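Protein chains: 4
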Amino acid sequence: MTSLPRTMVALKKARPAPGLSWSPETPVPVMKPRDVMIGVTHAGICGTDRHIYEWDAWSQARIPVGVTTGHEFVGNVVQVGPAVSRVAVGTRVSAEGHIGCGFCEPCRTGNGHICEKVDIIGIDIDGCFAQFLVVPEENVWPVHPNIPDKVAAILDPLGNAVHTVMAPGVSGRSVLITGVGIIGLMAIGIARAAGAGTILVTDVDRRRLELAKELGADETYLATDPDWPAEVRKRTLNQGPQVWLEMSGHPRAIRDGFKILRNGGTVAMLGLASNPVELDLPNDIIFKGATVLGINGRRMYETWYQMESLLLSGRLRIDPVITHQIDLVDFEKGFKAMQSGEAIKVVMRVPKA
Amino acid sequence: MTSLPRTMVALKKARPAPGLSWSPETPVPVMKPRDVMIGVTHAGICGTDRHIYEWDAWSQARIPVGVTTGHEFVGNVVQVGPAVSRVAVGTRVSAEGHIGCGFCEPCRTGNGHICEKVDIIGIDIDGCFAQFLVVPEENVWPVHPNIPDKVAAILDPLGNAVHTVMAPGVSGRSVLITGVGIIGLMAIGIARAAGAGTILVTDVDRRRLELAKELGADETYLATDPDWPAEVRKRTLNQGPQVWLEMSGHPRAIRDGFKILRNGGTVAMLGLASNPVELDLPNDIIFKGATVLGINGRRMYETWYQMESLLLSGRLRIDPVITHQIDLVDFEKGFKAMQSGEAIKVVMRVPKA
Amino acid sequence: MTSLPRTMVALKKARPAPGLSWSPETPVPVMKPRDVMIGVTHAGICGTDRHIYEWDAWSQARIPVGVTTGHEFVGNVVQVGPAVSRVAVGTRVSAEGHIGCGFCEPCRTGNGHICEKVDIIGIDIDGCFAQFLVVPEENVWPVHPNIPDKVAAILDPLGNAVHTVMAPGVSGRSVLITGVGIIGLMAIGIARAAGAGTILVTDVDRRRLELAKELGADETYLATDPDWPAEVRKRTLNQGPQVWLEMSGHPRAIRDGFKILRNGGTVAMLGLASNPVELDLPNDIIFKGATVLGINGRRMYETWYQMESLLLSGRLRIDPVITHQIDLVDFEKGFKAMQSGEAIKVVMRVPKA
Amino acid sequence: MTSLPRTMVALKKARPAPGLSWSPETPVPVMKPRDVMIGVTHAGICGTDRHIYEWDAWSQARIPVGVTTGHEFVGNVVQVGPAVSRVAVGTRVSAEGHIGCGFCEPCRTGNGHICEKVDIIGIDIDGCFAQFLVVPEENVWPVHPNIPDKVAAILDPLGNAVHTVMAPGVSGRSVLITGVGIIGLMAIGIARAAGAGTILVTDVDRRRLELAKELGADETYLATDPDWPAEVRKRTLNQGPQVWLEMSGHPRAIRDGFKILRNGGTVAMLGLASNPVELDLPNDIIFKGATVLGINGRRMYETWYQMESLLLSGRLRIDPVITHQIDLVDFEKGFKAMQSGEAIKVVMRVPKA
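Residue numbers (our numbering), protein chains in the order written: chain A, 867 to 1219; chain B, 867 to 1219; chain C, 867 to 1219; chain D, 867 to 1219.
No wet-lab data here; the hints were simulated from the structure. As the structure is a computational prediction, the values presented were derived from the model and not from experiment. Do not rely on the hints blindly, as some may be mistaken.
Note that identical chains are pooled: a pair holds if it fits in a single copy or bridges any two copies.
With a straight-line Cα cutoff of 25 Å, these simulated SDA-like cross-link-like pairs (lysine to any residue) come out [stated by the list, open to error]: (1) Lys1125 - Val1143; (2) Lys1199 - His1010; (3) Lys1125 - Pro948; (4) Lys898 - Gln926; (5) Lys1125 - Ser887; (6) Lys1016 - Cys967; (7) Lys1202 - Gln945; (8) Lys1125 - Ala927; (9) Lys898 - Pro1148; (10) Lys1100 - Gly905; (11) Lys1202 - Thr957; (12) Lys1100 - Thr907; (13) Lys1199 - Asn1104; (14) Lys1218 - Ser1140; (15) Lys878 - Asp1146.
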């Protein structure tokens, strides 16, 4: 076992204010017997990290000041606790960032992501914008050698997208995606690889709609065009899409989506609305015989296996969404590029300790 | 083939105003080649019939003046069209009241109840509060001899309840029912017969809660008691119910139900809210990993087979909900008994022509 | 309504002996009120037709002498019975060839293909190797204009393949196909379009294995090579395939397949073994936690909608399997080409009456 | 932490010959950091233990001489390893006896029971016919206080039965059970509590058939009566059972069961045939559209939660199957009672160390 340094570089939420702090004297985290110490090599910036960076209302309510941020990463195992038996030092790994209690019904039936006591790395506990990260052995995911680092760094959000696509099932079915931020864009490629029929996409951003086409969308629509629901209906044999992936969190998209969802169709909801949304339950859901699936995180670990299978099949394209690769020290540039809309996904290289 | 009279008794919505008209000179309906003429013997009064009787806003918008009302019934086949091959004169039958187009995807995959062009008897077209009723052969359901007339008369609402219970599946799972009108009450017995674990019920009406216990509820709660959600959580191993059947349509019940539904749980929504309901989608559905199923009508005809199986098993009790059996001529008494809350289900005997 | 000729050309099983008879004086079939008369334009030759042609033991036991053969076709509606309401003269159509009783549980729940009283056109009753064919309106399938005639002529076997692929679900999963006759070959393209991960194929015929690659197989193996099961295991992360489509009916393929199916995997069985097969149930199925699905026909009509969706998506290639297009009068050449192994699928053009 | 004795009483397979050895000087097992030491209080004798006792061919091939036998038990946690965090000393517990590798796809998706590297306590590694037993923390199942010791001692086989019943789903469906050894008998009560419709049972033993009726079977049939399949068909609306639980492992029962299974029905196979069984795959499975589910062990841990829910509902009766409660020292009597057919389930009280 190599000896580790005492301190490391980390990006911390050091103060209850906008920004993150470059913290080169952060103590290396402490391991418990079942923990694994990972030397992080690459980390992705999530929209959630941007919320924390901007210190919005949600962040102020949820984020403990002092925490090391970040939850998307790949790295190498550098040390294992004395009770660790399945993961070896040197293995290239990512990890599921939802740390469940391990003993409740969701945790013991493959649904630790909805454990009532879940801790999320980079949110509730220290995360991966740092040279070292500690996670329980159970959460470690060995990364197949055929998956490159920049992709391995974003398995967390890719897994969100896989979970959203696979929960309703898209094989041979028409799919509408409302909102193509990073997760929506990845969902296009996943839906294509997973056998979707027609894929239709709406968003307010023309550039993202272009990227959507590149990733496999059959047709795209500006969400501000009042005719898009009618167009979507036309493109789906005049019946509406069979599957709808709601990834915008926008009230109008949500209401429009319910209107055109096919009778008997399924919506997987991932996008987070900032405020309560009024639904016309009888017409939107009940008379329509619709199914609504709430999606967050990744099934533990069914989603991870689906993701690996899709990546190794060679049929899933996600490269186009990784628009920026920068060094950790340049993190401010990364956040700015996200704020300007220039960046889709930013992956940061973490310097070796 | 017996010769039929030219006219019959029917209860019609003769004028755009409250009430129904006893119409003894109503022409016997005309058959198309694939239709079956049924001599109605018993008919149930539905809450929807009461809306039509009271001529509320929904009825004014939907009901064509002049229509014969009623959609719950049993009777005997008295004549069949020349293209009918599967139903014989003399057979005791009920019928599925949703007349689908027969050729769209829902109609051809067992989901005619959500056909976009569906007509419902007693609502869009002439119904069963009459001595004779015409339905397509495909909609006819032969009634097993072991099922008594008063039960056979209400297979339509019983089927709604069966559909709601069977869609999420209750076998070995804890069940919350919010709202025990007639369908909610029947759902208790169905859930019990279908293998539910703990069954918990809320309503605003103490008498209905007593009946709920008689039908198999393990515990009942007044919906006006602010502590009921906490009590329900306690009774479900502190995790909330796994299955929730929403049968009230009441905004507060809907909001409370989402709060206590177990993470990963399923709600089957049948109750119709009169107005849009505000939902906190992230907390109610998304973070919870909940599944919401919109339920109406009956699957055609999976639900009917499930219902028959449950009835013939001898384990489904629904007698206690049939509180009134009256003659058709006394229909005003039936509606009054429903309005006063005295009646749960009223079954009317239809006089032979 | 056009007047029809009294007689037509048909290929009949006129005598209990090998061969089919060119029968130009066959009476045009009689319609019942709910029937549709179809002027056949193209018909495919099935392996079953070859069995009938060769008059093997199965045919001798099942086929009524005198029957018009054939069950794969496309044509145009030329007349409809007086009780037909949904299909118009002039529509280009194919049809589901399983004529169920229409009133049993399978028939009324989307499973008419497993009705105990099912009649199959071209087998139990007159089929489509003829200028005219009669089927009940309910069985008619209008063919979308984007689907060309030669493909429309073989929706029946394509549907078998779609049913086999979609029953276990292949989205993002590894798939083994044992046996690539015509249905197995089509299943490759379907599995690819439906989102399969790795597709691995075995057969005894090198030419068919080449075609398998062209249609989307990732790897192919000679079934006579004793190492193929080990190779398949290697190609599936050393765990065996998640889904296995058994389309050979060969005892050794069946036994080998069970050995390498992944624990928890699913096999969809379509191929018909001529004799009983010995299975080691504990090791093949029970300890493995395997699921075995018996597949025949097409779900009525879920499979047809899946097939249409896959065809219209533009991602399903089946052209390469249609190796021969001939005139009906040359049917002997078609059967010979099948017997020699030269033909995969033969489509016959039927002369206008 | 209490100090433990160095040795304990255990029943060991001390020699490669029939019988078990009372071994009072057996060393208390050694714990790894994540292990839990359980002081066993009650243990059930399984049919598998009887095979080991009798030293049949299977045992000779599988059982390592020297192993402590037994895998059904309840006890109290007496010590925990230093890396154990979720289980406290003093908790009354049972445990899942399948120790998976913890890191393969089945293990990480709730299917550790079909891990390719699984070790089973009392078979591959030391078991619970002893005063102390060591299992990994992850396998420990805290037993709810409302579940009595004698039932808690047999959660392992009860879980087999729950898995078999819940895998096909029985809610509102007709069920045939072939073979009512201990697991089959428990399955009757489970199917009843889980909402089965008609439950029909066959066995060769009249006494067990009587017990079957007591536990909730609607009708029972001697398996030697050649008419039972016809009778079963009559009792299931002339269509055959929708669900079949095969718990005999007997070739004739297997063949008869396939013949009468309803078209589209599902069989859950648990019984282990000693030899390969010949199946007529086309008629038994393919044309019938049947589904065959291989069942072993318990889903980890979905089955355990279903079992707890059924037990706590108060609707599952299993007392009648626990026919004998004896002291561990009298184990010979227990095995003899099983051999004579006098005992159904024997539970042994384990003396405190």
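Taking the hints in turn, this is what the structure says about them:
{"no.": "1", "hint": "Lys1125 - Val1143", "verdict": "both (14 Å within a copy, 16 Å between copies)"}
{"no.": "2", "hint": "Lys1199 - His1010", "verdict": "neither (30 Å within a copy, 53 Å between copies)"}
{"no.": "3", "hint": "Lys1125 - Pro948", "verdict": "neither (56 Å within a copy, 38 Å between copies)"}
{"no.": "4", "hint": "Lys898 - Gln926", "verdict": "neither (29 Å within a copy, 43 Å between copies)"}
{"no.": "5", "hint": "Lys1125 - Ser887", "verdict": "neither (45 Å within a copy, 37 Å between copies)"}
{"no.": "6", "hint": "Lys1016 - Cys967", "verdict": "neither (30 Å within a copy, 30 Å between copies)"}
{"no.": "7", "hint": "Lys1202 - Gln945", "verdict": "neither (35 Å within a copy, 54 Å between copies)"}
{"no.": "8", "hint": "Lys1125 - Ala927", "verdict": "between (34 Å within a copy, 20 Å between copies)"}
{"no.": "9", "hint": "Lys898 - Pro1148", "verdict": "neither (51 Å within a copy, 33 Å between copies)"}
{"no.": "10", "hint": "Lys1100 - Gly905", "verdict": "neither (52 Å within a copy, 31 Å between copies)"}
{"no.": "11", "hint": "Lys1202 - Thr957", "verdict": "neither (33 Å within a copy, 54 Å between copies)"}
{"no.": "12", "hint": "Lys1100 - Thr907", "verdict": "neither (47 Å within a copy, 30 Å between copies)"}
{"no.": "13", "hint": "Lys1199 - Asn1104", "verdict": "neither (46 Å within a copy, 43 Å between copies)"}
{"no.": "14", "hint": "Lys1218 - Ser1140", "verdict": "neither (38 Å within a copy, 59 Å between copies)"}
{"no.": "15", "hint": "Lys878 - Asp1146", "verdict": "neither (43 Å within a copy, 31 Å between copies)"}
The structure fails hints 2, 3, 4, 5, 6, 7, 9, 10, 11, 12, 13, 14, 15 (numbered hints given earlier, in ascending order).
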